[in-house]
Structure formats: C-alpha cells, structure tokens
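Novice: Line order of the protein sequences matches chains A and B.
Read in order, the letters of the first sequence are residues 1 to 434 in full-length UniProt numbering.
Read in order, the letters of the second sequence are residues 1 to 275 in full-length UniProt numbering.
Any given hint could be a false lead.
Here chain B is said to cover these stretches of chain A; the calculated rule only asks that three of the stretch's residues, wherever they fall, bring their Cβ under 8 angstroms from a Cβ of chain B [claimed, not checked]:
#1 284-298
#2 308-320
Simulated restraints on C-beta separations [said to hold, decoys possible]:
#3 Glu310(A) - Ala76(B): 48 to 58 angstroms
#4 Ala427(A) - Glu239(B): 49 to 59 angstroms
#5 Lys118(B) - Ser422(A): 28 to 38 angstroms
#6 Phe170(A) - Arg78(B): 36 to 46 angstroms
#7 Glu310(A) - Ala182(B): 12 to 22 angstroms
#8 Ala215(A) - Gly156(B): 19 to 29 angstroms
#9 Leu372(A) - Ala182(B): 31 to 41 angstroms
These aren't lab readings, by the way, just hints derived from the structure by calculation.
Small disclaimer: the values here were computed from a predicted structure and weren't measured.
From the three backbone atoms N, C-alpha and C, an ideal C-beta is built for every residue, glycine too.
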Amino acid sequence: MPEATPTTPKNPTTAPTVQDEMSPAVPIPADLSDERLVHARGVRGALDSFTRKVRGGDLGSLPVIIGLIVISLVFYAQEPTFLSSRTLVNITLFAAPIGIIAIGVVLVLLLGEIDLSVGSVSGLAASVMAVMVVYEGYSLFVSILAGALTGLAIGVLYAVLFTKVGVPSFVITLAGLLGFLGLQLVVLGKNGTVNLPPDSRLVEFARSSFVTGVASYVLVLVVAVGYGAALLWSIRRRTAAGLSAPSLVSVAVRTGLLAGGLLYLTYYLNIDRGLGYLPLLFVALVVLMDLLLRKTTWGRHVFAVGGNVEAARRSGIRVTRVYLSVFALTGLFAAIGGLLAAAQLTSVSQASGGTDTNLTAIAAAVIGGTSLFGGRGTAYAALLGIIVLQSIQTGLNVIGVDSSVRYMVTGAVLLLAVSIDSVSRRARSSSGRG
Amino acid sequence: MTATTTERPAPAGTAVLSLEGINKRFGAVQALTDVSLDVAPGEVVALVGDNGAGKSTLIKIISGVYQPDGGTITFAGRVVHVGGPSEAQALGISTVFQDLALCDNLDVVANLFLGQEKGTAGWLDEVTMEKESWRLLRTLSAKIPSVRIPIASLSGGQRQTVAIARSLVGAPKVVMLDEPTAALGVAQTAEVLNLIERLRETGLGVILVSHNMADVQAVADRIIVLRLGRNAAEFNVDETTTEQLVAAITGASDNVVADRIRRNQAAHHAGAHDA
Ligand SMILES: Nc1ncnc2c1ncn2[C@@H]1O[C@H](COP(=O)(O)OP(=O)(O)OP(=O)(O)O)[C@@H](O)[C@H]1O
Ligand SMILES: [Mg+2]
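Isolated chain A (complex conformation) (with noise of 0.2 angstroms):
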C-alpha cells in the first residue's frame, strides 16, 4: 500500500520552535516538546510503552512475575494446599530471614560488587547474640545490637580493604566466607550449638505475632492512601513547574490496583494466622531501601558507581564513602537476617547461616532482576527473588519431594534468570536502553 509522503510535517504544532514555548495557547510541557518522541497517554499509551520498553530489553520484574505465576500453576495443579492461606503465610514466614540478607546483596550487586559471605556473617552475629544472651547474662536488646554491630563492623572492614588495598570484592568476601564461620565455631565453643529461651521477645516476634483483624486492614489503608497522595504531590509539583505529568485517572487506577490487591492479599492471609511481623519489617526494610534508592542523593550516587566508576569519581562523588556505605549496610543486614532467622528456630548452631543461607540470599537477588554487571535493580528484586525460591522450596516440600530435587530446580531457576539478564542486555544495547 503505497503510502502519500507528506513534505510538510503532519502535525507542525508539536514542532519546538520559538513560538510554540511562549504562546499560551498550546501549552506544551517543557519534556515532551520534541517532535521525535513518542507520545504515550491514557491507558492505551501506557500499554504501548510497556510493550516497547519490553521488547527493547527493559524487562524489569517481568521474568520474575511470570516465573511465579508459573511455580503457583505448577504446584496447585500438583497440590491444591500449595495455595491455602496455611501455606502462603508459612512462605512469608520463612522468606523473610533470608529476603532481609539478599536486600544487602542486592546492594552490593548494584556497585557491580559481590559478598560471597552474607551466609557465615549472618551465621556469626546469630552465635554472638545467642551466646551474650544465653551464656553471658547480657539483656536481649544489648546482645541483638552487639549481633547487629558484628555485621556492620565486617562491612567496613570489607570495605576497606576494597577501597584502600584494592582486593577484589570477590577475593574478600570469599575470604570472609571462610573465615568468619570459623569464627562462629569459636563463638559458639564446644556445645555448638546455643537454644534461644522461647520466651524471649525476640522469638515471639519472630514466630508468632501477627498483625490481625481491623489493624491489618488499617495498615493497607494506610499504605494505599500515603501511595495515591505521594503520587497527587508529584503531579501538583511537575505541573507548576510546566513539566508532563500522569492524568489523574493513572492515579485512580493505580492507587485502586495497589489498595484492591494488598486487601486481598490481607483477607486471604487473615483466613490462616495473618501477616507475620517479620514479613512486615521484610517488607518495610525492602520499601525503605526503594526509597533510600530511588529518591535520594546516596541511592543515585550507588546507581552512579554500579554504571561508570571513574565517571562518578571524575563528578566528584566520594566513591569511597559509596562503597564504604554499602559494605558496611550488607553487613548489617546479613547480620539483621541471622538475627531473626535464629529467633524462628529458636537456636543457633554450627550450621546457622550455611551454604543454604548464604546461597539462597545471592541467588534471590539475581533472580529478583539485579543484574551482576551493576547498575540496574531495584531492591523489591530481593521480595521477588526470596518469595520465588521460598515458593519452590514450600512447594517442593507440599508435593513430597526430596531435598536434592530442590537443588537442582533452583539451579535451574538461577542459570534462567541469568541468562535473560544477559539476553535482555544485548536486546538493550541494540534498542538504545544502555
């Protein structure tokens, strides 16, 4: 079908010249006066661009849902128990220990860094928590801080090594990895292992406080509202500022899509126990390093170092303290997920922070969507990767399945996520997406 071509351009308004910007008439937002960019409004438009942004390799949590999707179909066909509120709310329950480890992964992986030994740092401030606690008479909230510490000291001491002698972050942490779990052997001497009192607060938190009732439908309340006014503030902000800014109805569908899905979620888990208050400070910690993340200098500075160091270093950013910030905060949090995960077994042993632990954390980052290469991530890949491994091992469990099974299905599922990290980096770099 042969096509007429125009030599005049169809639509001249939208071309950005001179009079365009200064008369009143056509008040066209500053960021979308080239005639070049494609336009995306209302609900049609917004599909549009996701489906570009897909093909052009900007796939974000895209895999991840789908892969859940897929792993919720596949065990309820096999076992409809798989998705009873009982066993949602045990996959909450037990994801969130480790969810806590892999958001420090996941910050690590943003530098384009590595911390092969979230596992035995977590292992070890569990040991020196419980033996203050148990043997030494310490009171529960000094031997949780002093567990806390052990982490964070480890970080900076990460950190400078990495930043003043230049080891390799892989090379350290390996080190690490070794290292501090013979540290925990001594920590936790000959017994080698160390029974929490199942009274103690920090085991009741960890195991059987729950937000029930009207105060779970409250907290969503809350969430949705705090959500649909941060988004109402922006648009005030952009359009006084004479910048585009996303209708009204977006907000409505967007507010409504989050408050609708998260009373659900809250009504369906209220049928069994409810929302643990570990998966809640889980879910809390992953929305505040979002933030810290998205909307703060420190966040940026972190993207800046994972994408171009030399370029961060040549704006006069102070890499070292980029780095230092972020060793010293996967510490904290390896040692914040030790913490707790001792607390829901009420002891810590030898094994405490294992391979399991250690590999689980990792891969729950990368298949969360960070990618290895730095950079590009957001800290929810940590919910989505945990609650995706968490699911497989549930599943597993629910349809009588061996251990060594679990292995190698999450093997599997780690080499996939992988590997469309690495296929969708090449689609982006031939789309323009960087």
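Given the coordinates of chain A, work out where chain B with the ligands should sit on it, guided by the hints.
Specialist: Quick look at chain B with the ligands alone, frame taken from chain A:
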C-alpha cells in the same frame, strides 16, 4: 567583563588559573615536562597539539583526576592542591572530558546533576532538576527527545551535548572543554562556539582543546601549543596564521600540510579553510 577580541588578553598577573612547571610521568612516558599555562577571567585559551601531546593529561591534572609530579597550580591568586575532582568542583573548575565520563545507566537529568544533585537533606528534587535540565539543554540548542531516557540511548553528539551542559551546572569560574565539538553537527558546533563566546562575556576563563584550527581561530584569544609534553609555542590569535600554527604543532615548517596551506594561500588568498 568588557573583554574584546581585538585587545591583547589580560596578563598573567590577573589570571584566575595559572599553572607553572607542571610535570607528569606515566611509567616510562614523560607525558608533561615543565608545562605552564594561564587563563584570565573572560579569556578563551585554546590548547592545541598533536595526538599524544599531553593536552588531556594537562586537563585531567587541573580537574584533579591526576596528581602532577611537580609544579604549582594557582587558582584565584592562591596556590592550591587539587586533590580530587570534588576539590576542583568546589574551587569552581568544571570539565568536559574527552571521553565524556557519563553514566550510561542513568538518565539525562541524573547525569547532568551527578555529584551536584539538587534537593533537601539528601532527598532529590527531581522536578527542579528536570526543569533546569531543559533550560540548560535549550541554551545549547540540544536535540534530545527526552531527559528521562538513559544516556546509552543517545547519539554520540547528543551525549557530548549533555556532557557540555553538565559543565554549566553550578557556578564555575573556569570551564575546560576537551575536544567538545568532535562529534557535533554543524548547528550544535556553532552553538558550542557561541556558548564559549557567552562564557567569555560572563567573565569565565575557558580552556578549549581542539584539533579544529578553524574553531580555535574563531573563538580563542590565545593559543598554546603543546608538543611532546612541552610548551612549544604561544600565539595571540589575531597575529597568527594557520600555517604558523601547523608548523608549531608538528614541529617543522617543511611538511606536506604546511606546504599545501602555503600553496593554497598563494593561489586563492583565501584563509585557512581546509586546515
Ligand atoms: N593513564 C595513562 N597511563 C599511561 N600513559 C598515559 C596515560 N594517559 C596518558 N598517557 C600518555 O601520555 C601522553 C599524553 O596523552 P594525552 O591523552 O594527554 O594526549 P592528548 O594530547 O590529549 O592527545 P589526543 O589529541 O589524542 O587526545 C601519551 O603518550 C599517552 O600515551
Ligand atoms: Mg586528548
């Protein structure tokens, strides 16, 4: 500032930036030997020389990326030690690097304000930064479809425009541009040259590295030639012919390029349009 192009530029005494006896060695390569350079406020100094002459190295020393092995840097009358890029930035020296130094994974706004983000108490003010980005890019007639796409999706010239726009963020006193127009289109090159004129008029010191003699002669007040890491010559732009420049750059007056220029000039009495 009332600097006019016809007058001799300000003498070294009033220089905003002044380098004395700078040395820099990379392993077996003595990249810079006793290099001196002055820039006065409202003056455009062009730094020219062959590939590998040491121009970028000098720029990186001034911007704190490299530390000199010897020599002094005087900024606004004080001897300073530029220990790192953030210190150069704090002094008011901004740089467009030859390799641009942009973060491919960040969008245009993030790159423009990298290291100088606007916001309160550590929280970013994206709206102000985005608005300011459009203003900066418009002053350069930038052809950039959206400031919210990653830098990786821009063309070479668009990336260069972003790097130039970035040097204008904040309130610099000296702007250094290392081959800023190498990848630019005709209109954008003209715009950058205009911008350099405007920077001069607002009283900034400008150091321009370029291989394009026409551009250099169009905007510079003074031309400093580096050869093999040494000061080879210094010219006042009005008293210089392209032929002299080429001779100083290459270190010989009897080479093909110089010959060709001489022949052309003899034949057409035209300027140095094909230098
Ligand atoms: N980081 C480095 N390590 C080792 N040698 C270097 C380094 N940077 C520059 N050099 C050397 O210093 C000399 C000057 O390089 P420089 O980049 O300053 O040249 P230039 O004048 O900018 O050249 P061009 O016009 O090609 O950009 C070259 O011989 C180069 O090999
Ligand atoms: Mg150079």
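Novice: Please go over all the hints and tell whether each is borne out by the structure.
Specialist: These are the hints, each one checked on the structure:
1. 284-298: Satisfied; 4 residues make the cut.
2. 308-320: Holds, because 10 residues of the region 308-320 of chain A bring their Cβ atoms closer than 8 angstroms to Cβ atoms of chain B.
3. Glu310(A) - Ala76(B): 48 to 58 angstroms: 28 angstroms, violated
4. Ala427(A) - Glu239(B): 49 to 59 angstroms: Holds, at about 56 angstroms.
5. Lys118(B) - Ser422(A): 28 to 38 angstroms: 36 angstroms, holds
6. Phe170(A) - Arg78(B): 36 to 46 angstroms: 44 angstroms, holds
7. Glu310(A) - Ala182(B): 12 to 22 angstroms: Holds, at about 19 angstroms.
8. Ala215(A) - Gly156(B): 19 to 29 angstroms: Between Ala215(A) and Gly156(B), where Cβ atoms are some 57 angstroms apart, the hint is violated.
9. Leu372(A) - Ala182(B): 31 to 41 angstroms: 33 angstroms, holds
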